[in-house]
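Asks: Residue strings, one per chain:
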Amino acid sequence: MGLFDTLFGRQKPVNMSAERLFALSTAELTLRTSMELTPAGEAGIVFQGVASAPFKEMQRELNELMQFASQNNPTRARAWEDDLGGKWFLLEGQDFQGLVTMAHMVSQNLVEHGFGDRLLAAVFRFNDERSRPVYWTYNYKRSSFYPFVPRPDSHSHHRDNAEELHLSTAMEQELPMEKELERWYALWDLPF
Amino acid sequence: MAKRPTWYKPDLQLSARMLLTMFLLGAVYTIFLFILFRLGVSAILLLVIAAVILCVQLFFSDKIALYSMGAREIDESEQPQLHALITRLAAQANLPKPKVAIVDTSLPNAFATGRSKNHAVVAVTTGLLNRLSTPELEAVLAHELTHIINRDMTVMTIAMFLSMVASLLVNMLMWAGLYGGFGGRRSRDNEGGSIILLVWLVSLLVYAISFVLIRALSRYREYAADRGSALITGAPENLASALMRIEGTIQSGRIPDRDLRQAQGVSPMMIMPALKGENGLEIFSTHPSLEHRIERLQNMQRQMERAR
Numbered sequence: 418m419g420l421f422d423t424l425f426g427r428q429k430p431v432n433m434s435a436e437r438l439f440a441l442s443t444a445e446l447t448l449r450t451s452m453e454l455t456p457a458g459e460a461g462i463v464f465q466g467v468a469s470a471p472f473k474e475m476q477r478e479l480n481e482l483m484q485f486a487s488q489n490n491p492t493r494a495r496a497w498e499d500d501l502g503g504k505w506f507l508l509e510g511q512d513f514q515g516l517v518t519m520a521h522m523v524s525q526n527l528v529e530h531g532f533g534d535r536l537l538a539a540v541f542r543f544n545d546e547r548s549r550p551v552y553w554t555y556n557y558k559r560s561s562f563y564p565f566v567p568r569p570d571s572h573s574h575h576r577d578n579a580e581e582l583h584l585s586t587a588m589e590q591e592l593p594m595e596k597e598l599e600r601w602y603a604l605w606d607l608p609f
Numbered sequence: 013m014a015k016r017p018t019w020y021k022p023d024l025q026l027s028a029r030m031l032l033t034m035f036l037l038g039a040v041y042t043i044f045l046f047i048l049f050r051l052g053v054s055a056i057l058l059l060v061i062a063a064v065i066l067c068v069q070l071f072f073s074d075k076i077a078l079y080s081m082g083a084r085e086i087d088e089s090e091q092p093q094l095h096a097l098i099t100r101l102a103a104q105a106n107l108p109k110p111k112v113a114i115v116d117t118s119l120p121n122a123f124a125t126g127r128s129k130n131h132a133v134v135a136v137t138t139g140l141l142n143r144l145s146t147p148e149l150e151a152v153l154a155h156e157l158t159h160i161i162n163r164d165m166t167v168m169t170i171a172m173f174l175s176m177v178a179s180l181l182v183n184m185l186m187w188a189g190l191y192g193g194f195g196g197r198r199s200r201d202n203e204g205g206s207i208i209l210l211v212w213l214v215s216l217l218v219y220a221i222s223f224v225l226i227r228a229l230s231r232y233r234e235y236a237a238d239r240g241s242a243l244i245t246g247a248p249e250n251l252a253s254a255l256m257r258i259e260g261t262i263q264s265g266r267i268p269d270r271d272l273r274q275a276q277g278v279s280p281m282m283i284m285p286a287l288k289g290e291n292g293l294e295i296f297s298t299h300p301s302l303e304h305r306i307e308r309l310q311n312m313q314r315q316m317e318r319a320r
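Line by line, the protein sequences give chains B and X.
Sequential numbering from 418 applies to the first sequence in our numbering.
Sequential numbering from 13 applies to the second sequence in our numbering.
Any given hint could turn out to be false.
The calculated DSSO-like cross-link candidates involving lysine-lysine, where the alpha carbons are at most 30 Å apart (straight line), are [said to hold, decoys possible]:
| no. | chain 1 | residue 1 | chain 2 | residue 2 |
| --- | --- | --- | --- | --- |
| 1 | B | Lys596 | X | Lys129 |
| 2 | X | Lys129 | X | Lys75 |
| 3 | X | Lys111 | B | Lys504 |
| 4 | X | Lys111 | B | Lys596 |
| 5 | X | Lys111 | X | Lys75 |
| 6 | X | Lys129 | B | Lys504 |
| 7 | X | Lys129 | X | Lys21 |
| 8 | B | Lys473 | B | Lys596 |
| 9 | B | Lys504 | B | Lys473 |
| 10 | B | Lys473 | B | Lys429 |
| 11 | X | Lys111 | B | Lys429 |
| 12 | B | Lys473 | X | Lys75 |
| 13 | B | Lys473 | X | Lys21 |
| 14 | B | Lys596 | B | Lys429 |
| 15 | X | Lys129 | X | Lys111 |
| 16 | B | Lys429 | X | Lys21 |
| 17 | B | Lys504 | B | Lys429 |
| 18 | X | Lys75 | B | Lys504 |
| 19 | X | Lys111 | B | Lys473 |
Keep in mind the hints are simulated off the structure, nothing from the lab.
With the hints as constraints, model all of the structure from the sequences given.
Replies: Next up, the structure:
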C-alpha cells in the first residue's frame with residue numbers, strides 16, 4: 418500500500434493473479450518423484466461472498482457453469498459453504514491438470530465479474546507416503562504458494578510446522594513460495 | 013491493462029475531508045512553531061521531550077494498550093474459532109495474521125494496537141464474544157484489521173505530536189505562573205512576563221484548535237475503518253447491526269465503572285467509545301455518532317447493489 422492510501426485510509430482492490438496457479442501443474446512431477454507426494458484427486462477453491470444482488474447473480478451463473486462443466490468433464494465440481502461463511506467449489510478428478518484448469522476457470526470467472534479480490538485461496542490435497550494429507554495452498558492476493566500440514570492426531574488445530582518448512586524449502590525452486598510465515602493462513606476442517 | 017469492474021467505488025469525499033483536516037492541522041502546527049520561534053522560546057528541549065514520549069508511545073503502544081486494558085494474549089488452542097475467523101479475515105485483507113488477545117470484561121468492545129502490520133494485536137472483550145453473532149463479530153474484527161492496514165495508531169500519534177507540545181507548554185507555564193508569577197518577582201522583568209503570557213495564550217489556542225481537528229481526523233479514520241470492514245466482509249449490514257448491539261449494551265449501563273475508567277486511554281482505537289460521557293457533541297468525540305455510521309454503511313450497501 419502506498420503512502421497516500423495510508424494517509425487517506427483507503428483500500429484498493431489487490432491486483433489478482435490466477436496465472437501462477439499453473440506453476441503447480443509443472444511442480445507436480447517433482448512433488449511426486451522427489452517428495453513422494455501424490456495428488457489425492459481433490460482440491461477446493463474458496464472465496465468470500467458479497468451481500469449484494471450483482472454478486473448473487475454472478476454466483477448463480479457460476480454454479481450453472483460449473484454444473485455444466487462437470488457433466489462434460491472428468492473433473493467434477495460442487496458448491497459448498499464452510500461455517501465461517503467461506504464459499505467453496507470442491508473439485509474432484511484423477512487428472513491433476515484438470516483440477517488446476519478448473520480452479521483457474523473459477524477464479525477467472527470471479528475476476529471477470531469484478532469480484533477478483535474476493536478470492537481467498539485454492540487448496541490442492543496431496544497424500545504423503547502414509548496417505549496423510551498435505552495441502553498446497555495458493556494465495557491469490559500474493560500469487561504465492563504455501564504448504565499446510567495438519568497434525569494427524571490433533572483435533573485442536575495443530576500444524577506440523579517442521580514438515581511445512583521442510584516442504585517449502587525443498588520446493589522453493591519450483592513454486593513461487595510465500596516468504597512471510599504469518600501469511601501461511603491455516604484452513605482447518607477441510608472436507609477433503 | 014484494461015480497467016476491471018469492481019463491486020465498490022472509492023469514497024472521494026472522505027479522502028477530501030481527511031486531506032483538509034490534515035492540511036489545517038499542519039497549518040496550525042506550522043504557525044505555532046513560527047510564533048514560538050519569533051517569541052524567542054527555545055522550544056527545542058520541548059520538542060525533544062515530546063518526541064521521546066511519542067516514540068515510546070509508538071513503540072510500546074501495543075504493550076501499553078494491552079496492559080492498561082488487562083488484555084491477555086491467547087493462542088490457537090484456547091480460542092480456535094476466534095483464531096480461525098481472524099485468519100480468514102487477515103487472508104481476505106491481505107494482512108499478516110495479527111496476534112490475538114482477550115480482555116475479561118462484560119463491556120463489549122474491541123481494539124487494535126501496534127505501530128505496524130507486523131506488530132499488530134487485535135483484542136476483544138469477553139462481553140463482545142458473548143453478545144455478538146459470528147457475522148457481527150467478523151464485522152467488528154474486520155473494522156479493527158482496517159485500523160491496522162491504515163496504520164491509524166501511527167497516523168494519530170503523529171497528528172497529536174505538536175498538540176502535545178502545546179499542552180505541555182500550557183501546563184508548565186501555568187504552574188510556573190502560579191508559583192513564580194508571570195515574569196518573576198523582579199519587577200524589571202515585565203516584558204518577559206508578557207511574552208510568557210503570550211506564549212501561554214498561543215499554546216492554549218493551538219491546543220484547543222488542534223484538539224477539535226484531531227477529533228475530526230479520528231472520526232474520519234473511524235469512517236474509513238467502517239468502510240474497510242464492509243469491504244473485507246462484503247456485508248456492511250453486519251457491522252451496522254454489531255454497532256447497534258454494542259451501543260445498546262453500553263447505553264443500558266450494565267457496565268461496571270472500573271472498566272469505563274480503565275478503557276479511557278485507548279478510546280481512539282476502539283470500535284466504540286468506551287465512555288458513556290462521550291455522547292455529547294460530535295465535534296468533540298473520537299467516534300462519529302451511531303446514526304452517522306449506520307447511514308454511511310447503508311449508503312455503501314445501496315452503492316454495492318447498483319455496482320456493475
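Asks: Starting from Lys75(X), check that the Cα of Lys504(B) is at most 30 Å away, please.
Replies: Not OK: Lys75(X) and Lys504(B) at ~37 Å, beyond 30 Å, violated.
Asks: Hey, Lys111(X) versus Lys473(B), does the alpha-carbon distance stay inside 30 Å?
Replies: Measuring from Cα to Cα gives roughly 34 Å; hence the hint is violated.
Asks: Verify the proposed pairing of Lys129(X) with Lys75(X), using a straight-line Cα cut of 30 Å.
Replies: 15 Å, holds
Asks: Starting from Lys504(B), check that the Cα of Lys473(B) is at most 30 Å away, please.
Replies: 12 Å, holds
Asks: For the pair we were handed, Lys111(X) and Lys504(B), check the Cα-Cα distance against 30 Å.
Replies: Roughly 25 Å separates the two Cα atoms, so the pair holds.
Asks: Straight-line Cα separation of Lys473(B) and Lys596(B) no greater than 30 Å?
Replies: Status violated; Cα separation ~35 Å.
Asks: Keeping to a limit of 30 Å between CA atoms, is the pair of Lys473(B) and Lys429(B) held or broken?
Replies: 22 Å, holds
Asks: Is it true that the CA of Lys129(X) sits at most 30 Å from the CA of Lys504(B)?
Replies: 27 Å, holds
Asks: Sort out whether Lys429(B) lies within 30 Å of Lys111(X), counting only the CA atoms.
Replies: 24 Å, holds
Asks: Under the criterion that the straight-line Cα-Cα distance not exceed 30 Å, is the pair Lys111(X), Lys75(X) satisfied?
Replies: Cα-Cα ~12 Å, so holds.
Asks: Is Lys111(X) within 30 Å of Lys596(B), Cα to Cα?
Replies: 19 Å, holds
Asks: Quick one, are Lys473(B) and Lys21(X) close enough, alpha carbons at most 30 Å?
Replies: 19 Å, holds
Violation of the numbered hints given earlier is confined to hints 8, 12, 18, 19; the remaining hints are satisfied by the structure.
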